[in-house]
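Undergrad: Fit chains B, C and D with the ligands to the known structure of chain A by using the hints.
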Amino acid sequence: MPAVGDNTARARALLTMMERIRAFEEQAVLAAERDKLVLGAIHPSIGQEATAAGVMSNFAIDDIMLSTHRGHGHTLAKGADPLAMMRELLGRQGGCCGGKGGSMHIADFGVGMLGANGVVSANIVIATGAAHGLKMQGSDRIVVDVFGDGAINRGPFLEGLNWAVVFDLPILYVCEDNRYSATTCTADMMAGKGAAVRAEALGMRATTVDGNDALAVADATAEITARIRAGGPPEMLHALTYRRGGHTSFDPAKYKPAGEAEEQTALNDPINRLRDTLALQGLSVAEMDTIHNEAQAEMIDVLTEAAKTPFPPDNMALEDVQDIGSPAQEAY
Amino acid sequence: MPAVGDNTARARALLTMMERIRAFEEQAVLAAERDKLVLGAIHPSIGQEATAAGVMSNFAIDDIMLSTHRGHGHTLAKGADPLAMMRELLGRQGGCCGGKGGSMHIADFGVGMLGANGVVSANIVIATGAAHGLKMQGSDRIVVDVFGDGAINRGPFLEGLNWAVVFDLPILYVCEDNRYSATTCTADMMAGKGAAVRAEALGMRATTVDGNDALAVADATAEITARIRAGGPPEMLHALTYRRGGHTSFDPAKYKPAGEAEEQTALNDPINRLRDTLALQGLSVAEMDTIHNEAQAEMIDVLTEAAKTPFPPDNMALEDVQDIGSPAQEAY
Amino acid sequence: MEKMTYAQAAREAVRDAMNADKSVWCVGEDLGRGGVFGQYIGLQDEFGKERIVDTPISESAIMGGAFGAAMMGTRPIVEMRFSDFALCATDELVNQIAKARFMFGGQSRAPMVVRKPMGLWRSSAAQHSQSLESWYVHIPGLVVACPATPQDNYSMMKAAIECDDPVVYLEHKNIWLLEGDVDRDQGYEFGTAVRRCEGQDVTLVSWSDTANVCEKAAATLANQNISAEVIDLRSLWPWDKNAVLESVRKTGRLVVAHESVQVGGFGGEVVATVAEHAGNALRGPVRRVGAPRSLVAYAPNLEDQMRVTEAMIVAAAKETMGL
Amino acid sequence: MEKMTYAQAAREAVRDAMNADKSVWCVGEDLGRGGVFGQYIGLQDEFGKERIVDTPISESAIMGGAFGAAMMGTRPIVEMRFSDFALCATDELVNQIAKARFMFGGQSRAPMVVRKPMGLWRSSAAQHSQSLESWYVHIPGLVVACPATPQDNYSMMKAAIECDDPVVYLEHKNIWLLEGDVDRDQGYEFGTAVRRCEGQDVTLVSWSDTANVCEKAAATLANQNISAEVIDLRSLWPWDKNAVLESVRKTGRLVVAHESVQVGGFGGEVVATVAEHAGNALRGPVRRVGAPRSLVAYAPNLEDQMRVTEAMIVAAAKETMGL
Ligand SMILES: Cc1ncc(C[n+]2csc(CCOP(=O)(O)OP(=O)(O)O)c2C)c(N)n1
Ligand SMILES: Cc1ncc(C[n+]2csc(CCOP(=O)(O)OP(=O)(O)O)c2C)c(N)n1
Ligand SMILES: [Mg+2]
Ligand SMILES: [Mg+2]
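Order-wise, the sequence lines are chains A, B, C and D.
Reminder that position 46 of the first sequence reads as 391 in the working numbering, one-by-one numbering, no gaps.
Reminder that position 197 of the second sequence reads as 542 in the working numbering, one-by-one numbering, no gaps.
Reminder that position 17 of the third sequence reads as 44 in the working numbering, one-by-one numbering, no gaps.
Reminder that position 165 of the fourth sequence reads as 192 in the working numbering, one-by-one numbering, no gaps.
Among the hints, a few may not be true.
Stated by the list, open to error - Simulated restraints, written as ranges between beta carbons of each label pair: (1) B:643 x D:336: 36 to 44 Å; (2) B:542 x A:568: 23 to 31 Å; (3) A:596 x B:483: 34 to 42 Å.
Just so you know, these hints were derived from the structure itself, not from any lab.
Beta carbons are placed, not taken as given, at the ideal position from N, Cα and C, and that holds for glycine.
Chain A with its partners taken away, still in its complex shape (with noise of 0.2 Å):
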C-alpha cells in the first residue's frame, strides 16, 4: 500500500490496477469468444473496477476474501497471479484450482482469497464464519465479502449479517450494486432501498459510495476497515456501479434501455474518471497511457502463456474429493 498523504501514488496504483483488471477482462473475453478456449461462461465486471481496485488496496494478502462469479477483479486486487487465473480460465494445469473450478470458482487462498462461488449469496455465511474463525482465534486478520445487488433478496444476506452483528465479527461486507442481476434490473425484484438499509436494520453500519470513483472507494474503506481493525463491529459498504456488459461475455443485454450502457461507458467509467482526476493532479496523459500499454501487454502475454499450458492430468478428476473414502481408492 503507498505511503498516507502520497495522493498521487495511491492513485496511480488504483489506476494501475484498474487498467490490469480491464485488461486482464478482455483478454478473457477474447480467449472465450474469438479462441473459444473458455468453455464455460465468465461474468466479466468492465466498468465495475473501481470497486475491486478501491476495496482491495485497503486489504493485506493475509486478510480473508470472498467473492462471487464476478470474481476476476476482487481476485486480481487481492493480489493473485493473473497467469495463474487465466489457466484457470482455460481449465488449465497450473491454473489457481488447477484447472478444477474455472471462471466461477476462481480461488487463491495464498492471497487469501477463499473462492468465488456459482450460488449466488452463498458466500455471505461462509465469510461471516471465516471471521467467527478468526476471531476465535485472536487473529487481527479481517474478512471482506464481496456480493452483487441482486443477492440481497437470498436468506443468506440476512442469515450471515445478523450473525455478523449478533458475534461482533471483523468483517466488512461489500455489495457491489451493478443495478442488474443477470438479465433483470435488480430495482425491480427489490423491496425497499436495498443493501444499507437492510444493513442498518439489522444494527450495521452502512456505507453508500460512487463505486465508480475509485478514490472514493478506496477513502471509504480505509476508514471503514480503520473502524473494523480496532475491533469495531461489522460494516457494509454499498458500492453503486454499473455491469457494462452482459450477463456473460455471451449475453448481448438486449433487455437494458437503448443508450444506457453507451452513456454509462462516456461518462462513468471508472478508469476515465481516475484518468480525469489524475490529469488534474498533473500526471501526464503519456504516463498513463503507459500504464495503459503496459497492462495491455501484460494481460496479452498472460494469455498467451496460459493457452500453451496443458490440460491438467486425467487423474486429477480423482484427486482432493476426500482423504477418507476418496475416490482414488474406491470411486465406486
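TA: This is chains B, C and D with the ligands only, laid out in the frame that chain A set:
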C-alpha cells in the same frame, strides 16, 4: 364479528376466545403430562392469547392463515373445532389432520388454516405464495401469517417479505414476539431492533403493539386489514407478548431470570388485563367468571371426548401421500 | 407430427397447458427473457407478466411461494434454472411440499411441476452439473420425471402439469437442442418405460440423456452381433419395474447406466429390485455404469472422466455376457 | 471401561476432543442448555460460550459459517438438532462444503462434523423423523457415519472430529438413553464394519439403530436354529464392502435392513454391490427390509407402520432360506 361501535360485545368476544384458548391449552397440557395421551411435543401459548384472539378477530373464515409450532391459539381463533384439534393432539381419528400431523402440524383448511409448521420460518414463504395465488385469482380474501421472534433470523423471513412487497400481495405478517426462541432469549441472538425495523427496511409498513392487550391488538389489526382489504400493500404487525411457560410443556424453563415469569403472570396476563378493562366498562365479575367456567367446561368435555376416540385405521399410514405412485398401491 | 428440439417441446407443452387451463403459470428468475436455456422463449409476450412471473433471486420463496399458491388452486411450474440451485429450497420441497398432503391428513394438494435442469453441460463445473434424481425418488410424496427425447419432454411435461402431485421434473441440459418428431396427441402415463430397442441378449436400463447413449451403445453392440434391449425408464417414481423384470427374464443379463454418481444412485435400486424379484433369471453378473464418486471439474478432460460413455456401456454389456 | 448412554458417549468424545485440541468447538442452537437431547450437557460450563456457541435460528449461517471457520483452521462440530432441519442448509453442505476442496484444486479443507440426529422417535411426525443417510452417501466429498452403540458413538465421534474431511454424523434419536460399556481408548477407522454376531446361514446387514434390531432378530432366529451373522456397517461412506461380501460368500443369503424408506435407500447400494461382486454366491433370493415409501405420521399406530421390526427381519431372513 361484533357490530362496530359495540365495544363491550367485542371485548366480550375477545375474552371468550382467550378463555377458550387458555382452557384448551390447559387441557392439552394435562392430556400430555397427567394423562400421557399426547405423545409428541406440544408448545403452549399460555399468556399469549391476546395476540391470537385479537389478530384473528379481524379475519373471516375464508381468509387464509398459516401458523407455527405454537399454533393452537391461532387455530382456535380462526374458527377451528376444538374437539377436532384435541383429537389431533391425541393422534386420533377425527383429528383435523386425521391424527397424522399432531400439534405441530395442526391445520384446518375448512376455516382457512393452512397449517402449523415444524420448521421455524418455513410458513413465511408459503403464506406469501398463498397471497400470490389469491391475487392471481382476483380473490378478495387475504392472508395472515404468524411467526415467532426467533423466525426472523432465518432466510425465508427476508425472501418472503421482499417477495410480498415486490408483488404487492394481500398479506399481513404477524411477528408474535414472546421474547424466547426455545431455550434462548431471542434478544441475545438478534441484530438490530427486530421484526418491525426489518420489515420497514423492506419498504413494508410495520405496527408495533402491546400483544397482551387484546383490544389494542384487535384495533391495530382492524386498521391494517382495512388497508389491505382496500387493496393496500402488505404490512407487518409486531406483537410484543411473553411466553409464560417453557418451550414445550415438558420444559421447566429454568433458564429464565428468576421471577420474570411470575411477574409477567401477575401483571401482564392478557386475560386478567381484559377482565380489568371490562370491569371498568361495567361487566360484572360473575359474568366474566361464567365465560371462564364455560370455556373450562367446554374444553374438559373436549378432552374427555377426544380421549374416547379411537386411533386412525392402520391403512391410513399409506393414504394421502400422492395419487401417482401412491404407497397404497406400491409401497416399495 | 412436428419437428422440435427438446427445449421447444417443453415450451410447447407449457404453452398448450397454459392455453387450456388458465390456472397454470410459471415462476422463476429471468423467465421473461426466455429462461436461461430459451425454454420459455415467447411465453411472457403471449401470457403476460402475471402468468410468466420473473422473480427475485430467492429460491426458498420461489419454491415455497409456488407451494402456497398451489394450495390456493393455481398450478405453478417452478423453474430452478440449474438443479443445483434447487438445493437452496430443499426444506421447501422435501419438508413442506412433499409432506403437506399427508401431514394435514389429505386436506391439501400441491399440484406443481418443479423444473430442475440437470446433468453435465460442457465446463459448468461442480456447482452447475449435478444429477440428484436418486434423492427425489427417496422422498415419499414426490413424482420424479426424467425425459430423454423431445416427444417425452412434450408428453411428460403435459402429464406433469396435469398431475395433482408435486412432480420433480429433471430435464437434461445436454440435450436442449436435440431434435425429434413430436406428436402433441401422444399422452404419457407416469410409471411407464419405453423400450427403445428390442433385444435378446442383454437388457440396458437407463433414463435421461444416458438412455440416448444406451441406444447408441445398442447399435454398436448390434454390429458385434449382440442384441441389446434398451429400456428408458422415463419416470423414476413411479417406475416401470415390470418392464425391467420382463426384459431381464428374457435376456438374463442386466446393465443399468446413469450419468449420476454410481454410489447411492438409482441404479442400485434397479439392480436390487431385479436381484430380489428376478435374481434366478440372471445368467451373468449384473453391471452398473455410473460416475465415480468424485466431483465434476471445469477442465474438459477432467469433466470427461465423470462421463458415462457409449464405450463404457458396451464394455459392461459384454462383461455381463462373459465376453 | 465406563458405563455410559449413547448421548453421554458422544458428549464425552466431544469433551475429550475439546480438551485435547483447542481448535475444536461446537456451534448450534440452544447448546448452552445442553442441546435438545442433553448431548451437550455441561460443556458450556466447562468450555465457555466461545467454544460451545449458541446461535440464532439460522441453519444456513450455522452450516456455512462453520465451513468458513473450518477453512480458517478451526474444527467445528455443527449441531443441526434434527436431521430434518439440516435441509435448510443443503446448499451449504452439498454445494459448498462437500465441493470446495475439489473445486478449489485442493486449496481448502473442511474438517468439520455435522451432527444430524435422525430417525423415528415416538410421535415426532413427518418433519422430525427422517433418515436420509442415502442422500449423503451419494454426495462425493462427504464421509457418512451412523453409530449404533455407546462405544461407537464415542469412538466414531472422536474419529470424526479428528478427520480432515466433512463428516455427516447421524446419531439415532431413539437410542440416546441406550447404555453400554465404553472404552475411551478404542479407536475407530472409517469404513470398518463390526460383526455383531457370527452366523452361517444368513447375513443381516444394517446400520444405526436397526443394527440393534438385527441383533435381536439374530437371537430370535438362533432359537429357531437359524444362525444369522449380523454386520453393522457403522460408516456408510466409506463402507466395508469386504465384510459384507465375505459374509455373503459364507452364508449365501442376504438381508439388508434399514429404517429409512426402502426405495432409493442405501440398502439398494448394498444389494447391488453384492449382486455385482458375489451374485453367484447367493443361494436364495436377497431381501431388503425398509420403510414403505410413505411418510411418518403422528399417531403411534400409523408411525408403527413405518417401523422396521425384529419380526420383519426374522421373516425376511427365513424367506431367503425358503422357509
Ligand atoms: C442461488 C442462485 N440462484 C440463481 C443463480 C443464477 N445467477 C447467477 S448470477 C445471477 C445474478 C446475480 O446478480 P447479482 O447478485 O446482482 O450479481 P452480478 O451478476 O450483478 O454481479 C443469477 C440469478 C445462481 N447462481 N444461484
Ligand atoms: C429451521 C428450524 N430450526 C430449529 C428448529 C427448532 N425449534 C423449534 S421452535 C424453536 C424456537 C422458535 O422460536 P420463535 O420463532 O420465537 O417461536 P416461539 O417458539 O417462541 O413461539 C426452535 C429453535 C425448528 N423447528 N426449525
Ligand atoms: Mg448485480
Ligand atoms: Mg419466540
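Undergrad: Going through the numbered hints above, which ones does this structure break? Give me the numbers in ascending order.
TA: Going through the list in order, the structure violates no hint and respects every one.
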